[in-house]
Amino acid sequence: MLYTLLCYNKEDVVWSWSKEEDDAVMSRLNVVHEKLVKEGKLGPALRLLPTTTATTLRAPDMVIDGPFAETKEQLLGFYVIDVPDLDAALAIARELSAANPTSVYEIRPVALYVPEARPNAPKDRVKAY
Amino acid sequence: MNQVIHDPAWIDSTLTAARPQAVSALLRYFRDMDTAEEAYQEACLRALKNWPRNGPPRDPVAWLILVGRNATLDGTRRRNRDVALPPDEMISDLTDAEAPLVERLDASHYRDDVLRLLFICCHPELPATQQVALALRIVSGLSVAQIARAFLVSDAAMEQRITRAKARIAKADVPFETPGPIERSERLAAVAAMIYLLFNEGYTAGNDPARASLCDEAIRLARLLLRMFQTEPETMGLTALMLLQQSRLPARFDSEGEVILLEDQDRVLWNAKLINEGVALLDKAMRHNRPGPYQVQAAIAATHARAAHFVETDWAGIDALYAALERMQPSPVITLNRAVVTAKLHGPEAGLTMIAPLEKALSGYFHYFGTRGAFLLQLGRTGEARADFDRAIALAGTPAQAAHIRRHLDRLIQDAG
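Quick note, the sequences are listed as chains A and B, same order. full-length UniProt numbering puts the first residue of the first sequence at 1, with every later residue one more than the last. full-length UniProt numbering puts the first residue of the second sequence at 1, with every later residue one more than the last.
The shape of chain A in the complex, shown without the other chains (with noise of 0.2 Å):
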């Protein structure tokens, strides 16, 4: 079984932290992410950049500023696409929502991204579901 861990924390403290408060706390991340991938057990991990960065495609195509703040949803999945620009982005996103049009699709560009470490990754993707 696949898990993901969605990391939630008060932005404005976050953002707040100096640059030395906020390598460290990357360091103390950094020791756990080593342990898990000697494990094998770490797949791909994001940071994302500011919920001020985010833009939200709902259908048919409005396209609207700012996180996801709706509460009537809730958060069942994510994809990483890898696209030039933001344009790009939601014209992917317009292709998920033309299938899917009861879905929100919030776009935030990825900070940091860590690929898959697990040795037996795409066998345990396929028994996932």
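Please keep in mind that the hints were generated in silico from the structure rather than gathered at the bench. One thing to keep in mind: the hints can contain errors.
Capping the alpha-carbon separation at 25 Å, the derived lysine-lysine pairs in PhoX-like fashion look like this [as the list claims (entries may be wrong)]:
id : chain 1 : residue 1 : chain 2 : residue 2
1  : A       : 10        : B       : 49
2  : A       : 19        : B       : 273
3  : B       : 273       : A       : 10
Derived Cβ-Cβ restraints for the label pairs, each shown as a range [stated by the list, open to error]:
id : chain 1 : residue 1 : chain 2 : residue 2 : range
4  : B       : 329       : A       : 85        : 20 to 28 Å
5  : A       : 81        : B       : 160       : 52 to 60 Å
6  : A       : 114       : B       : 387       : 52 to 60 Å
7  : A       : 63        : B       : 268       : 29 to 37 Å
8  : A       : 120       : B       : 327       : 54 to 62 Å
9  : B       : 359       : A       : 26        : 48 to 56 Å
10 : A       : 26        : B       : 333       : 37 to 45 Å
11 : B       : 350       : A       : 37        : 53 to 61 Å
Cβ coordinates follow ideal geometry from the N, Cα and C atoms, glycine included.
Following the hints, complete the assembly by docking chain B onto the known chain A.
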């Protein structure tokens, strides 16, 4: 959560983050800046005592406002009129002591409070240096000593500057009612200008860490503004601009603290995280199709950030952006900057022609003579170039600027010898 709260750095950054909202709400309540600040200080002291013991409150801002207000109200008459408040040691233990207050402190209220606070700091009657000093003191909560160090003046002089600014504002009778949409957008522009001023104060200061931290503070304020006005493209543009400029910090100075020109900077040292955030914000701003000077300047900075090497710089794109900026905000300084780009595209003669009419307007500006000297040098007119470099040194604002021109001059003398 209990484990986190024992980390004093967490409390520290929570208090820093809560400060603008808490102080501005207290200011609205007490209508006096000094009282509001003292109330906030008192609340912080109690937080430092309480939070490690009782755990963090659900809403730190509401806790600080409530405790700050509670601690400051002294006259019995006033206290009798208000609802009795629980002792603050109890607040974190009560399941939902903050809830009624939180309900009243809705987001738009906070937003107008903070905007009012920022606006008070950039009151048009205050000179720019006092605006920045006041913002650092009131909004950021830097100590007078920290601000004095950043501005290279004595503690006493800075104390006086801030006191004078406060007195001037008290006399000007700043209105406390909620600003309407038009006022709000006017204020937003004034606040944005003040934040950029603060950033430039740090940016031009060279590599002195005390002053360079002004850049971080300006970015923190811009983030705050951006969270309040999430759909304002110019606020996105301003934040993007500062993030992109700040991303170059690790490459801007050599080990002796001298300026390294953009063309000589080691781009590997540029901070990729800041660049990504800046570019993402700019991208988002441009989708609004409401361009403004900050967005255009951010776009210029982003064009540099996108080039892996100086030789790959898209000069034609930058020239077009400068032309747009000139139309939006005509100024001799912008024309001067554009001339540098034009010279890259069409040679130094074109640059020289472009800046010739600016001499009168920019006769006190060190960059004008530095730039003209560089054009003349490229054209082989070394005697005239040397005279211009001499004038630039005389007008330089910082030792780093003077040293930078002096190196040009040294090279010139070496080549001549």
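Hint check results:
no.	hint	verdict
1	A:10 x B:49	21 Å, holds
2	A:19 x B:273	12 Å, holds
3	B:273 x A:10	20 Å, holds
4	B:329 x A:85: 20 to 28 Å	26 Å, holds
5	A:81 x B:160: 52 to 60 Å	56 Å, holds
6	A:114 x B:387: 52 to 60 Å	57 Å, holds
7	A:63 x B:268: 29 to 37 Å	35 Å, holds
8	A:120 x B:327: 54 to 62 Å	60 Å, holds
9	B:359 x A:26: 48 to 56 Å	51 Å, holds
10	A:26 x B:333: 37 to 45 Å	39 Å, holds
11	B:350 x A:37: 53 to 61 Å	56 Å, holds
Of the numbered hints stated above, none is contradicted by the structure.
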